[in-house]
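Here the structure of chain F is known, so what remains is to put chain Z in place on it, guided by the hints.
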Amino acid sequence: MIELLDVSKLYGDKLAVDGLTLTISRGELFAFLGPNGAGKTTTIKMLCGLLFPSRGTIRIGGYDVQKQGDLARQIISYVPDQPFLYEKLTGREFLEFIREMYGMDPVQGRKRIDELIDVFELDSFVDDLTESYSHGMKQRTVFAAALLHQPEVLIVDEPMVGLDPKSQRLVKNLMRQEVARGGTVFMSTHLLGDVEELATRIGIVHRGRLIGCGTLDTLRKQAAHDGSLEDVFLRLTAEEEPAELTAKGAP
Amino acid sequence: MNELAWPLQRCSPDGSRQMALFRRLQKTLLKNGTRQAFRKSRLRVGLIVVLSLLIWGGLYGLFREGFVFLRNLETTVPISFYIIELLFGMFFLVLTGLLIFSVGIFLHESLFRAPETRFLLSTPARADQIFGYKFREAVFFSGWAFLLLGSPLLIAYGIEMRADWPYYVLFLPFLVGFLILPAAVGALGCLLIVDLFPRHRRLVLGLMVLTVLVLAVVWIVYLFYDARSEGLSEAWLRKLLNHLRPSQWWGLPSRWMTVGLMSAAHSRFDDALFYLALVWSNGLFAYLLAAWTSVRIYRRAYNGVNSTAGSRSASVTDRLLMALATGFDRLAALLLFWTDSPTRLFILKDLRTFRRDSAQMAQVLILGGILFLYFINIRWLPHGQYADYERTLIGLMNVAVIGLMMATYTSRFVFPLMSLEGRNFWILGLLPISRERLLLSKFAYAAAVTVTIGLGLATISELMLRLAWPIVAVHLLAVLILSLGLSAISVGLGTYLVNLRETNPSKIATGFGGTINLLVSLVFALAVIVLAGIPTLLYFADRALSDQDVTALTRVRWLLASSVSALIAVGVAAVIMPLRIGLRAFRRMEF
Chain F
9 MIELLDVSKL YGDKLAVDGL TLTISRGELF AFLGPNGAGK TTTIKMLCGL LFPSRGTIRI
69 GGYDVQKQGD LARQIISYVP DQPFLYEKLT GREFLEFIRE MYGMDPVQGR KRIDELIDVF
129 ELDSFVDDLT ESYSHGMKQR TVFAAALLHQ PEVLIVDEPM VGLDPKSQRL VKNLMRQEVA
189 RGGTVFMSTH LLGDVEELAT RIGIVHRGRL IGCGTLDTLR KQAAHDGSLE DVFLRLTAEE
249 EPAELTAKGA P
Chain Z
3 MNELAWPLQR CSPDGSRQMA LFRRLQKTLL KNGTRQAFRK SRLRVGLIVV LSLLIWGGLY
63 GLFREGFVFL RNLETTVPIS FYIIELLFGM FFLVLTGLLI FSVGIFLHES LFRAPETRFL
123 LSTPARADQI FGYKFREAVF FSGWAFLLLG SPLLIAYGIE MRADWPYYVL FLPFLVGFLI
183 LPAAVGALGC LLIVDLFPRH RRLVLGLMVL TVLVLAVVWI VYLFYDARSE GLSEAWLRKL
243 LNHLRPSQWW GLPSRWMTVG LMSAAHSRFD DALFYLALVW SNGLFAYLLA AWTSVRIYRR
303 AYNGVNSTAG SRSASVTDRL LMALATGFDR LAALLLFWTD SPTRLFILKD LRTFRRDSAQ
363 MAQVLILGGI LFLYFINIRW LPHGQYADYE RTLIGLMNVA VIGLMMATYT SRFVFPLMSL
423 EGRNFWILGL LPISRERLLL SKFAYAAAVT VTIGLGLATI SELMLRLAWP IVAVHLLAVL
483 ILSLGLSAIS VGLGTYLVNL RETNPSKIAT GFGGTINLLV SLVFALAVIV LAGIPTLLYF
543 ADRALSDQDV TALTRVRWLL ASSVSALIAV GVAAVIMPLR IGLRAFRRME F
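Here the protein sequences line up with chains F and Z, keeping their order. Take the first sequence: its position 29, counting from 1, is numbered 37 in my numbering, and each next residue is one higher. Take the second sequence: its position 430, counting from 1, is numbered 432 in my numbering, and each next residue is one higher.
One chain only, chain F, in its complex shape:
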């Protein structure tokens, strides 16, 4: 469903993503991990077609994101770390806008909007202007909008930020449901506990390169360490640090 073939991205002369090759199948929840500045958000932006790779090809659902972007984006939903909502629209008006943008059947679409309002418990504020929403309310509205057209690929960047425990549980359950239905979820996060709980496969990116990819057990084997994901992550990323940095950072 998602294919990255030898993808690299340059910002000026800085290599942000370096020869990334990755295939994610239908029905997978893929967690994308990495330290700050590792290239996670750049990769996500390339998946959505916001940025173009400097080298390589990205395909979503078989569509080349650069050449057939409009078709690829038809089956994608993207929830960024800082979600956008029109402040002078109500939550319901925003959901209606998304329904029309994805060309959904009006009757079916409105039924789905009502369901999502119910699922995300938006009914108490969905008819207020979104400028009055708290961060958590905004995040829930954005998730409802992202799931409205039932995307084949859901791309989420730090999905749990600003959500209360109940909403976090809700989002986790919905992502599981999406995967169970055959959808694909690509999630970038720093919350390793969530990754252990949800991910079918994990990719660790560091300095733009994919340094580990597989199930938690595969990564444990690669790191030669039978601990938590946190231990495995730290060990793998430490191995990639230059020797002098590791020495300085060592306790």
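The hints are all genuine.
Here are the simulated BS3-like cross-link-like pairs (lysine-lysine), alpha carbons at most 30 Å apart as the crow flies:
(1) Lys-119/F with Lys-33/Z
(2) Lys-509/Z with Lys-146/F
(3) Lys-96/F with Lys-174/F
(4) Lys-96/F with Lys-29/Z
Hints were generated in silico from the structure; no laboratory data involved.
Coordinates of chain Z only, in the frame set by chain F:
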């Protein structure tokens, strides 16, 4: 939720459906925003409406008087029709240039930097539909001030010409149609510059603006220099008007507007409709070209702009600029020795934010550079050929230029200062500085810049014109009052009409609040210029009277003292009133 078939029935909406969707979005945003403004801040809306009406009325009166003056001039110099034709041509030509650049700059921010665009580009929205949606927004923001300025002019003209009713039906489609062509050219230019020079786009734009402005200044100086031998006479006026003939070239949209509107006013409706069709068809064609280009390059240009940051190696120029900036900050900190530490830090924060915004910085440098160029060129004027009185009038005209340019500067750069605190506005509430001092520090920051530039340029001008010291004193006083008053108006109204949700300073300045601020600033600047002109004239009246005519001399000197006092009183009112209004609003704000 599970009962629905998966995946849901959906289809990629075609261009026309997306266009309709974006139109509905714009309509809903406008409706919700207006409804909320009426519900939550009726006083502010009322004030804005009343001020707009007052300003519209003032402009109408001004234009009406201008046309009456030209009609009276016709009896002595029969060229008023020709002057109106030229003035209309120049008016629309200047507006064409302004609209091209303002729409281009506006679209640069909204197409390439705004979070909304990032959201839309991640949806199936087509590049040309996003472009069209943002284009309409840019035309609305850049165009409504043009309509506020253009409508009183054209109504005054119609009434003066005793035009038939169809003229009043036609002039609005003329104005709206005229907006499209320069806006489309600006949009096309923006797309091409960003696509071709993603890293140096601001530099390229700055150089283009600078080139146009330098050419304009050189041309203006040349006009006056070339016509100098005639003195201020009918022959001089005719020669000057002849030099302006190129603005009447048939291929310019400004010419189509001029001929079309004048034909409508003279009931030649066939001609008027032809030119109206010419304006609209060319505008729509230019828009079509821009939209067609956006399909091909918008996403690529967006990628280019957002792939330039983060270069590891700083060039020698970058390092030099960084060193200069650090030196500038240190110098500013030294010059602010008289303020206490928190206030100094606050002013320095504003200064740093400002100088790091390359778009704003480039605009200030261009504005300052042009003014400097103009004033330096005064030395080319043949002083020997002008009497004291004429040189004094040129000096007064320079005060007017400084005032009007400064009104533009404060509206563009000072008015958005408070709004740009944006989402972090609450930090101001937590700072260990009183709100009075916060507001005054913004005023001090703005006034320090305007007073330095204004007085500097005025001094150069007065010295080069070799004016008498009492005249110099009045002119410098007027510039000081202009600098302080305009800074206070922009800081005060910028706080009262604060817009914390907008991050784009151009949008804040061209929005409703920004335009009201600009118009109030222009009215204040005109009042000061008129009040500064009275003592200038009285000074010559005083010199013309003999010492024996004591009664007349006393009356003139009393009037002289009164007009200078009135000038000072207007200045004091312009500083205190807006700051008080701003402070009251600032105190009421919740963080």
